[in-house]
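As given, the protein sequences belong to chains Y and B, one line each in that order. Sequential numbering of the first sequence, starting at 1, is according to full-length UniProt numbering. Sequential numbering of the second sequence, starting at 1, is according to full-length UniProt numbering.
No lab work stands behind these hints: they were computed from the structure. Ideal Cβ positions, reconstructed from N, Cα and C, are used throughout, including at glycine. Heads up, some of the hints might be wrong.
[As the list claims (entries may be wrong)] The calculated DSS-like cross-link candidates involving lysine-lysine, where the alpha carbons are at most 30 Å apart (straight line), are:
(1) Y:K625 with Y:K476
(2) Y:K284 with B:K8
(3) B:K384 with B:K434
(4) B:K17 with Y:K284
(5) Y:K443 with Y:K625
(6) B:K154 with B:K101
(7) B:K8 with B:K23
(8) Y:K330 with B:K207
(9) B:K19 with Y:K284
(10) B:K17 with B:K105
(11) Y:K330 with B:K384
(12) Y:K284 with B:K101
(13) Y:K330 with B:K394
[Stated by the list, open to error] Covered by chain Y, according to a simulated footprint, are these stretches of chain B (three or more residues, beta-carbon under 8 Å):
(14) 168–178
(15) 213–219
(16) 351–358
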Amino acid sequence: MASEDLPSEFDVVILGTGLAESVVAAACARVGQRVLHLDRKSYYAGSWASFTFNGLLSWIQEHTAGSQPETEELHDWSNLLEDGEEMICLSNTNSAPFSNVQVYCYTSEKDEEEEDEARSPEALNTTEEEGGRGGGDEDGVTEPAESHTAELKEEEEEEGGERRQEGAADAQEEEREEEQEEEQVEAFPSRPQVSWGDRGPHQLQKTCGLNILHCPITQAIQTEGEGPEPESGQPRPSAAPSQSEPVKKKISYAQLLKEGRRFNIDLVSKLMYSRGSLVDLLIKSNVSRYAEFKNVTRILTYRHGNVEQVPCSRADVFASRQLSVVEKRKLMRFLTSCLEETQEEQAFAGRPYLEFLRDQQLGDNLQHFLLHSIAMATEDTPTEEGLASTRHFLRCLGRYGNTPFLFPLYGLGEIPQCFCRMCAVFGGIYCLRHSVHSLLVHKDTNRCKAVIDSRGQRISCSHVVVEDGYVEAARKPTATPTRFLSRAVLITDGSVLSSESDQQVSLVTVPPSEAGGPSVRLVELCPSTMTCMPGTYLVHLTCQSVSSAYQDLSPVVTRMFRTPESHDQEGRPSVLWCLYFNMADGSAVEVEGHDLPSNVYVCSGPDGGLGHQHAIGQAEAIFHKILPEDEFCPPAPNPEDIIYDGETCTSPLGEEGEERGEEEGEGEGEGAGEEEGEGEGGEKEEKEQEEEEEEEEERDGEVQEKQSLKSEE
Amino acid sequence: QHGRVKIKSTAQQEEEKRKEREKKLKIYVAARDACFSKRREGVWDDEALQLTQQLLSSNPDFATLWNYRREILLHLETVREEDELQKIYEAELSFLESCLKMNPKSYGSWHHRGWVSARLPRPDWARELSLCDRCLSLDDRNFHCWDYRRMVVKMSGVPVDQELQFTDRLIGSNFSNYSSWHYRSTLLPLLHPESPEPPSPCQQLLKEYELVQNAFFTDPNDQSAWFYYRWLLGRAEREEMISCVYVSREEERVVVAFSRPVNVSAFTLIHIWNFVHFLTWTQICDLPPGTISDITNEHNLTVHWTEKHTHRDCALYTGRNESWCRDSATDQELFSELSVEKTSVLQSELQSCNQLQELEPLNKWCLLTIILLMRALDPLGYEKETLAHFQTLKEVDSMRSAYYSDLCSKFMIENTILKMEYAEVRVFSISDKKLTTLCHLDQLLLVTHINLSSNLLQRLPPQFAMLQCLEVLEADNNCIENLEGLYHLPKLEEVYLKNNKISKLADLQPLVSCPKLKHLDLRGNPITETTNIQSELAELLPSVTDLLKSLIH
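If we strip away everything but chain B, and leave its shape as in the complex, we get (with noise of 0.2 Å):
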């Protein structure tokens, strides 16, 4: 008697809701036939808008259906006063709301606000900033949302120092947010323009230091976090100069590096100019014969770069038969990718990830940035510290392993780049390192001898051909399987490729260019095993004298 509750059964609730399914389907089809028709017929009225918003309301990733629209719009604002359109474009916006409430990613819709927001007549920018609040208060990584935000903030002149704090709230809810942390990098220079990027020691910079070790120390696994922090700590990439000059008699040539991969169009050789010649890192100029091959004259070369409106000397004093002009290397900050201003920064900084991988003993994060923090401070100190961290990384992240060798190939190669400047020798050494690949050999330009024996190279690169000044290379017990690099190499006149992976007689075509070579040594390399190598190779190499020998075990 008291109206027991009665429930509809299964497949009541079913049947119900298939016939929901079915009506929908059924006015959905209906209206999207009626909005083609319309726009075929080229019809931009009112109904067509009632039509696409109900349309749009449902399914707000109809992209032809939102053309339609703007279709429409366009056309109206060129027949109704401005009044109006202030109203259609702001109710335009409210509907677009209910559509990201649909579908707070939906491209369609954002691509609509964007574009109607910046035809509304009179917009209201601190409603659609409200609006993105909301928005990424619900998903504080919706991208879409990100993107309008910075058109509304541009259009809007929010200022800079606002835009800061907003970060700071985002990041204060969630750190774990690359688009607060990446919009913060790029707010920070704009506040503080008188130090570039990164800020200065200034209160601004110590209080970001202080921020990124409160993410990091709480969560070490958060990658977002450090890699601010090594925005932080990094420093302006090397301006583009000039940083060495060459000039042989023997081959009358000039040799100038760069500092960074340029593409030069101009630039000027006092006295004589010629033919220019690109490479990414140095620039090969071979001069007129005769121009400066007597030996008992005297020369003053300048290379202007007139792009950058910077030029560099070179004197070939009589009776030398080389010069150069250059920039030491010794100079750390070549190397590091932090900067060095602000050392005792950097130093503080070390003892805090110290300290917390003390605490966090096999965290990559903390391990990589000491490293990096170390090279900074200095290389050459904290090499034995640099290479265990290496190896700490390669265990705890295997995945990553090739990285992590590539990098220190990369670090162990500036170290003893640094050790050759302070000994003022032209021979770089590099045996026994466990090197993976070959980098900063711009610096070797006025190396004679190189020895990168027993490591675990497999290739020697094309900018091998920078080293225009080597003599012998001795790479015996690598796994070289490619010598492209070994091109056009004017002094070469030794290889030494014991126990390597060459296979085929092309591998040593590039040989072929470089005239002096006249030893090379082959011996435990699959080629040898091949018939009628022996006549092959003299063949290929005529110049090369003890080639029996290289060929005997």
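Next comes chain Y alone, as it looks inside the complex (with noise of 0.2 Å):
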């Protein structure tokens, strides 16, 4: 073991491998800080990860089968206390910001042609073979579920290719939130997960895999016939067969689990504003060129039941059939008016911003549109902030595309590990499945001095910076109530507005079906963001939290998609799985006042807006607390202009510099997709979107003026 240990003193140690941290990471390790950068899972990014489907169920599992203290030895490790000293216990439990965990599969266990591949042998064997498997390896995670298709199979064939759910909750979130709120329970009058809470993990998918196919879910709502729910629509043995004879066959439960690897299944939704903080951060330190991206390609809106496209540049004002050629110019012209303050607006201060576009006489459609989809705000957005958005929103607009927005290929989970690839290339080391027991603090300064590590070795350091979740929860400073996202994830069989293109990145507004209600932010991705497997579309949904994510999900789900629970919804795509759970909103996390040494930074986890100013933000100022004088993510230099020491490599920088991290650290917790990301991306396009980010980069002042003129180079 001697060999593995670290070394014992570091400049700045950080646990959690999100944004905000790996950001941290990379910008300290660039000036010369020696880091060291921890995270307790075996994949990087934490709640900001991309998962394979089958790296995602398993992730399913982990927070459905309850939030089980990690089986760690209670060690006492107070031996390496020195003089002066007290030591502070960091969470050791996983107190993940995840509740309310709920999956549902609407498509047929298999393909009929795939039955009896699935029933060979070889399959079998396979899962039973890797049924040893271990914690979130994505690998050991196709087992379950592939085995609970082969013992159900028989079942599968009598129900004619019915449509089932797949339901899993969090048994001890939930819980919790019955005690809290009676509503909750009413809205989950099904919950055949509570009795779970007991049994083991293995034995508990097989469960799990049984539940989904008995459908005690939509027995159990039937039972109640309660009204809120749309799932009272369910599948009747006489209805469900005619409704599952799509046109086009359906894409099986089976052919998801095997090309589960295409997917990169995000936690977080959000995108890339093109002159946003993080996509200026990428650019001004180089870790751009450790990722390629993709324009979001559309803006669309639902309004009246349908999806619509919002123009919002000028090329989709030109071409677009909504508009009748009066609200073209008044589009355009508030568009281009707007960007500068006016009197008038002034006049709105602190009044709504739906008065102020109220009164510019823009009629009902642009209103929506600006309100909605480009301001994204809601109707008592007051003014300065719904001007500042739509300003954001149209400074980014023609950068590099006819939207604001770009998203990275192989999902958003690629971004921290950009940073992370950064801070290792700068001499940082990388520890997976690995965390900090405590940290030792310095009783008369206050000061953490050092922290000993989960396998007892004591490491000294001058900062620590912590992702909120290693905080325990009696050191938070909050009687401030935590407020929660609601997320679905679904995998659905077509665009939810169907175009020339079937590779489309839209971004769609949902405003609130009543006043009061979360607006929807739904963004769809298609195969070509590498993000989900051809003939399949990936959409995420997120909402600031109301009730659980399927109460505030599920009617707009039921509503844009084909689910057993739609009605009349000819020519919408099918959903083909969905999962739904609700997350912590780190904006509303208190990153202050925690009762830690001065010497500790605490990171939020990811917020609910749709960019990343929040993250980057959190970043570069606990940066400048570690670090006041220097500067936060230089340019990093060429690879060509590095000189290495004589014993090391003498390769260009990139993959080697990565691998020394890795190496030193463990190795084996790679992060989800990414091996598979740098091979297929091809280096070309990687280049071409670094050179493209430098050309505008210079050309800064022009584009703005040609903004939507130009289309993706």
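Take each chain as given, in its own frame, and dock them per the hints.
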């Protein structure tokens, strides 16, 4: 073991590999700090992670099985204390910010053709062999699903390919919530999962599978006959067969599993504003070279029961078929004029943006577009705020395409990993499945002098950065109730708005269906974003939680997609599989005022905003607290300008640097899908994107004017 | 111990770059010299191809080398098999592609590509089209590429409707693109040949109106769409024809006016024909003495324009001194730039432009288009609005106020001509209308009395000589400095030029050619200040009787 010991001294120890932590790590390493970056998970990016389909299934298992304390023996490492020090234990339970995890599968278990294959001994063998899996390892995850498909094939046939639903919820969370809110209990009348609490994880998986097939949820709801649940329109024996005969053959669950590695499903759903803080940082720091991006191609909105395209660039306005010419003029005029501050808007200071828009006499169409899709505001957002976000949106237009947004290929989970890579290149050391047991604090100065890692090694350090989840609840300042986000992830078989190209990346804004409700943000990703398998679309829904994710979002899903609950939704894309969960809203997490030493800094998890301002701002603030004198993420030198010490590698930076970092840490914990990413992505595109960014940078002034003139270069 | 990254200093980097540059330059110069000496020696071998390729790939604008390369290729054509040539030329094309990446606007590369494509034994036009598409997607205004593409389209015979779709696509991605709009205007007449230009109000035309309206409503300051719109609304140029024949017994002269400036080399007059004297718009033909001088005779004249196989008759009846035959200008078509066949279409276009103008009251393109539409629809009815719009135009676009003044003058003159025609008089009066220029003088062939007083005219242009019947010219209170148009006007008797800017005796020289001039009023002109002016004038224009009066203030 001695050989695997970490160095005993670092400048900065960072816990958690989420975006903010990773940016701090990269920034510190870049200016010469010795960085130790740890994550107790087996994957990078924590709550920001992207998973393959199978990886996500195991994540689901983890979060439905109840967050059990990691089976870590309780060590007493007080012998490592030095004089005048006291120990602050960090939270070793995975107090995950996720709750109400529910899964539904609406597609047939397997393809008819594939059934024989699935029945074949090899298939079973494989699953058996892998059965003994551990933790969040993605390969292991295929096991439960496949085994249940095999076991339950018979029943399946009887049901004639009828849809099933999977239901799962975090038992603990649920109990907590039941105490808190009666409403919630009503919302989840059928909770077969409640009884899962005392079963082992392996057993649980199988049970889960069985439960799904027996469809306990629908039955339960039927008996209760509860109104608000759209599920009451569940598949009735008579209706189901006809509904389940789509013209196009549906992709089966087995196929999803088989192609699981093609998915990169983000826990967080965000987009990158092309002039936002993240893009600026990626360019400034040269971290952009580690990733590739795709333009969001359309901004859509849901209105009067239809999905419509929101014209936001000049070319869109020109091409729009829904707008009259007069509306086109009014819209263009508003968009141009609102870039500059006017007297008029001051008169509306403090009054809702909606009133300001009404005053502009734009008409309902334009008002809707501007309020919900461009400003992404609600009816009571104040004018200043509404205009600020409208301006931000407009400034971002045309930099890379006809929408203001970019999306990273292979999912958002790539971004924290890119920063980690930068950190590793500059000597940062990475260990996954490795955490810090406690902080050692000098009583007089109230500064953390060292940490004891999960293996009992004392590592001295000058600064510690921790993700919120590593801090024991008792040390948090909050009496304030935490806000939550409601999330849904759907795998569908078609786009919400079909068009000439089937490779569209769309942002859909869904205004609240009733006043005061949450407005829902929907991001639809196509296979060319490398986040889903061909023939499918990956849809992320996000809103501020009012109640559980299912309650908040399933009405929207039912309205916009074809599910067993929806009626008359011919022509809408079908949901093959979906997941609902709630997660803590990072913007509601207090990062100051913890009962922690002065040199320990807390990062909140992901926030609910569309952009990345929150995390990047937090990272920059923390960096400046650690190193007030240094520059935040200065441009990384070109590989050819780096001089390597004799014994180390002579090859150019990139991979080599990464590997060094990895090897010294625990290499096996590769982030989800990272390897694939680089393999398939093709270097050429990467380069182009980079060049594009640089070029754009130079031409900044010119671009502003030409915004929408330029399509993707 | 973890290999802190060390970075080269700026000086180190600079030094490296400098060395790199020097090395490059040395190689380049050596290769260039080698090329030149080979060319001098008339060597056309593969090595020379290699060398030029090496040079051109780093500097594709080296025209001499492209020439040398073509010489080599021409030589190879004579010694190689076709298959081999195909390969050589294909390699040439891919080499050119890399040159275009280096500089997408290199004259040399594009020209050479065109040359190679034309010589390629088995050309792959699809590949060339896709190359153009790629280039245009990077820069939709790359005119080199547009040129080359036109060549490719022509050579490969891409169907017109497909090309129209191509412009649809480009305009869709960025409608601010003259090349695409213009290309469209050349394709549509090909696609709808039955209605030469513009296409008649069919579905296609309505679609075009919609398209272009979308463009100018989206961005009314983008002029490309407005130009296309004007083309779309416009009509064919007036046909060349004889618009008026005038016969004067007294002068024994036939005057022929044409609808457009023409270069007439052969036209015949039945009965008598004589020498040919060219003017742009009018043809004056003096008949031999005595041919029509007898007032008791009736004469039928026919003017034949052999070139256009057209003719015009004119009868000079007994007892009449003059006669004419003409098209009336009241036929509004004469003055409108836009077509009238589609009045209903124009009306609705005017409505949408008015709608836009309400939203953008200061948009010059919109104002100008409205003026043109109004003129096409009802020039006299809309006169007041037109003048108001011109006023706004001059204010919002002061850089071009002189242009608007001239245009406004033109329209005012047109309106006055129309009024005169309706009144069926031969008096043309347009005073106090801020005229800055004179035009349509060909329409005034028969006018005997013209009043241009109180305008802003600076000269009486040469075309003024078309006013063959003019007897009285009133042009007081202008800024006239120059009388070059008052030349050979056979019937001119009275000229009023009070308060103008005539300063030299030489400026009055043209008047000498007007045989009947009797009255000239020059009061308030600088010329009256000169000494001895009276005697000099009397000498210059002996026939003017009341000269004295004309000089007294």
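Checking each numbered hint in turn, tell me which of them this model violates, lowest number first. none
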